[in-house]
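Visitor: Listed below, chain by chain, are the residues.
2 protein chains.
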Amino acid sequence: MNKIIECIPNFSEGKRQDVIDAISNAANSVPGAKLINVNVDPSYNRCVHTIVGEPEAVLEATFRACQVAVEKIDMNCHHGEHPRIGAIDASPIVPVENVTIEECVEYANRLGERIFCELEVPVYLYEKAAKKEERIKLQNIRHPEYEGLQQLITQPEWLPDYGEAKLHPTAGAMPLGVRGPLVAFNVSLNTTDVKIAKKIAQCIREAKGAFAEARAIGVFVEEKQCVQVSCMINHKIVPLYRIIELVRMEAQRYGLSIIGTEVCGMISKEALMDSCAYYMQLEGFDPKAQILEDQL
Amino acid sequence: MNKIIECIPNFSEGKRQDVIDAISNAANSVPGAKLINVNVDPSYNRCVHTIVGEPEAVLEATFRACQVAVEKIDMNCHHGEHPRIGAIDASPIVPVENVTIEECVEYANRLGERIFCELEVPVYLYEKAAKKEERIKLQNIRHPEYEGLQQLITQPEWLPDYGEAKLHPTAGAMPLGVRGPLVAFNVSLNTTDVKIAKKIAQCIREAKGAFAEARAIGVFVEEKQCVQVSCMINHKIVPLYRIIELVRMEAQRYGLSIIGTEVCGMISKEALMDSCAYYMQLEGFDPKAQILEDQL
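Top to bottom, those sequences are chains A and B.
Residue numbers for the first sequence follow my numbering, so the first one is 1 and each next one is one higher.
Residue numbers for the second sequence follow my numbering, so the first one is 1 and each next one is one higher.
Misleading hints may appear alongside valid ones.
Identical copies carry no separate label here, and so any pair may be met within one copy or between two of them.
In the DSS-like style, the derived pairs of lysine-lysine whose C-alpha atoms are separated by at most 25 Å in a straight line are [as the list claims (entries may be wrong)]:
#	residue 1	residue 2
1	Lys166	Lys137
2	Lys34	Lys166
3	Lys34	Lys15
4	Lys236	Lys288
Worth flagging that the hints you see were computed from the coordinates, not collected in a lab.
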C-alpha cells in the first residue's frame with residue numbers, strides 16, 4: 001500500500017509570473033510527486049502550490065520549490081495584504097493515504113532541518129508538528145510578520161525550531177506544519193440573511209467548542225444571491241454528512257433549507273465515500289476492490 | 001479520454017480447475033485488458049469471467065478465452081443446472097467509460113464474425129445487439145438448450161447471426177450480447193416477511209412497467225435474518241438513490257425501515273458519485289479534477 005502525502009507550501013509571490021513559474025517547475029520536477037494545483041493571489045501577493053505523491057518525492061519537490069523561492073524572493077521588497085514571515089510562508093504537510101500524522105511530523109522535521117542546513121532559512125514548526133504549545137497556532141508564529149520578527153527572533157522564546165537567532169537576510173523565516181486533511185466545504189441556504197449563516201457556523205467551529213479542527217464562517221455570496229456556511233473540516237474527525245445534517249437541522253428552526261453544497265478544491269476519495277456510504281446505508285462496501293475503474 | 005468496456009463471457013465449465021485456469025490465463029494475456037473477476041459455480045458447471053479495459057484489448061482477450069473454451073469443453077459431456085447452448089455461453093459486452101451502446105454493438109458484431117470465422121462456432125446476437133426482435137431476450141435463444149438446438153438450428157428462423165445451419169460439433173453455439181452496465185444492488189428491510197420484499201420489488205421491475213432494464217426480486221436472507229429487495233439496475237436509467245428512496249417510501253406503508261444496502265460485485269465510479277452528489281446536494285463537483293487520489 002503506497003503512502004501518499006500532500007504538501008502545500010505558500011510562497012510570498014503573487015505578481016511576477018516568471019518567479020511563480022520557476023517555483024512550479026521545481027515543484028513538478030521530481031518523479032513520484034505531482035504539482036496538482038497552483039493558486040495565485042495578486043492582492044495577497046502570494047501563491048499556494050499543492051504537491052501530492054509519495055512522501056520522499058513530495059519532500060524533495062517541496063525542497064526544490066523552496067530553494068527557488070529563496071533565490072528569487074526578497075522579503076525586504078514584499079508587500080501584500082496577507083500576514084507572512086518569509087519567502088516560504090505557511091507550509092502544511094498533510095497525510096492522504098496510508099500515512100499517520102506522526103509520520104508526517106517526522107517528515108516535517110527532516111524537511112525543516114534540511115531547509116535550515118542547505119538554505120539557511122530558520123524554521124518554526126506549528127500545529128501537529130509544534131514542539132512548543134504556543135507554536136501550535138500558526139497565527140502566534142506569524143503575527144509579528146517579517147518586519148517584526150527581525151527583532152523578536154533574538155529573544156530566547158522566539159528561537160526557531162531549526163536555525164539560529166536571526167532571519168535569512170532576504171527570505172526571512174518559514175512556518176512548517178502538519179495538519180489533518182482539511183476539506184473546504186460550503187453549504188448554501190435559501191436566504192440572503194447572513195446573520196443566520198453566521199449563527200449556524202458557530203455550531204460547527206472548534207473555537208466555539210464544536211468539532212476539533214473545524215473552522216466555519218457565515219458569508220453572503222453575491223453571485224448566488226444566498227448565504228453560505230463556509231467550512232474547513234477534517235473529515236476524519238467530522239465527516240461531511242454530519243456537517244450537512246447539522247446545518248440542515250439548525251436551518252430548520254428558521255424555516256430554511258439547504259439548496260446546494262460545494263467542495264472547493266481537492267477532496268480525498270475516502271471523505272466522499274464516507275458520506276456516500278452513510279446516505280446509501282452501504283454495508284461491507286470495499287472501494288478498493290469494487291470500483292470498476294480503479295481495477296485498471 | 002480512454003474508452004473502456006467490459007466483457008463478461010460465461011463458459012460451460014465449473015468443475016475442472018485446469019480448464020478454468022487455462023481460460024483465465026488466456027483472458028488475462030492481452031496488455032490493456034484485465035481479468036478482474038472469475039466466478040465459478042460447480043453446481044451450474046459454469047464459470048463467469050469479467051474482462052475490463054480498452055475495447056480492442058478486451059475483444060482480443062475475450063477471443064483468446066473463447067478459443068481455449070472451444071478447445072477444451074465438449075458440450076456432449078456437459079451437465080449442469082443452468083441453461084446453456086454452448087461452451088461459450090451468454091457473453092455480454094458492456095460500456096463502462098466514454099463508449100456508447102452503439103459502439104459496443106459494433107464490437108459485438110466484429111467479435112461474433114471472428115468467432116465464427118476462426119472458431120467455427122455459430123453466434124446468436126441478443127439484447128442491444130439483437131438483429132431480430134425475438135432474439136432480444138436471451139432466454140428465447142437459450143431455452144432449447146444445447147441438446148434441443150441441434151435440431152432447431154436447421155430451421156430458417158433459427159439461422160445464426162454469424163454462422164451456418166449447424167452447431168459446432170463440441171462447442172455448440174454462442175449467445176453474444178450488448179447491455180447497459182447493470183449494478184447488482186440489495187436493500188435490506190427490518191422484517192422477515194418476504195411477501196413485503198416481493199411486493200416492493202414489483203415497484204422496480206421493468207416487467208411490471210417500472211424502470212427500463214431493471215430486474216428485482218424479494219428474498220429472505222437466512223444469515224441476516226431479514227428480507228432484501230434484490231435488484232439489477234442500469235444506473236444510467238435509474239440511479240441507485242432513486243431505488244433506495246423508492247424502497248424506503250414503499251416500506252413506510254408497512255412501518256418498516258431500510259437497515260442497510262449492498263453493492264454486489266463491481267460498480268462504476270459514476271454510479272456511486274451520482275448518488276453521493278444527490279444526497280449531499282453537491283453542485284459543480286468534477287470528480288475527474290477534484291478527487292485527490294485520481295490526480296496521481
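Visitor: Indicate which option fits the pair Lys166, Lys137 if close means a Cα-Cα distance not exceeding 25 Å: within, between, both or neither.
Guide: Classified as within; 22 Å inside a copy, 80 Å across copies.
Visitor: Taking 25 Å as the upper bound on the Cα-Cα distance, should Lys34 and Lys166 be classified as within, between, both, or neither?
Guide: neither (33 Å within a copy, 58 Å between copies)
Visitor: Should Lys236 paired with Lys288 be assigned to within, between, both, or neither, using CA atoms and 25 Å as the limit?
Guide: Answer is both; intra-copy 18 Å and inter-copy 22 Å each pass.
Visitor: Please sort Lys34 with Lys15 into within, between, both or neither, judging by C-alpha distance up to 25 Å.
Guide: within (23 Å within a copy, 48 Å between copies)
Violated hint for the displayed structure: number 2, the only one.
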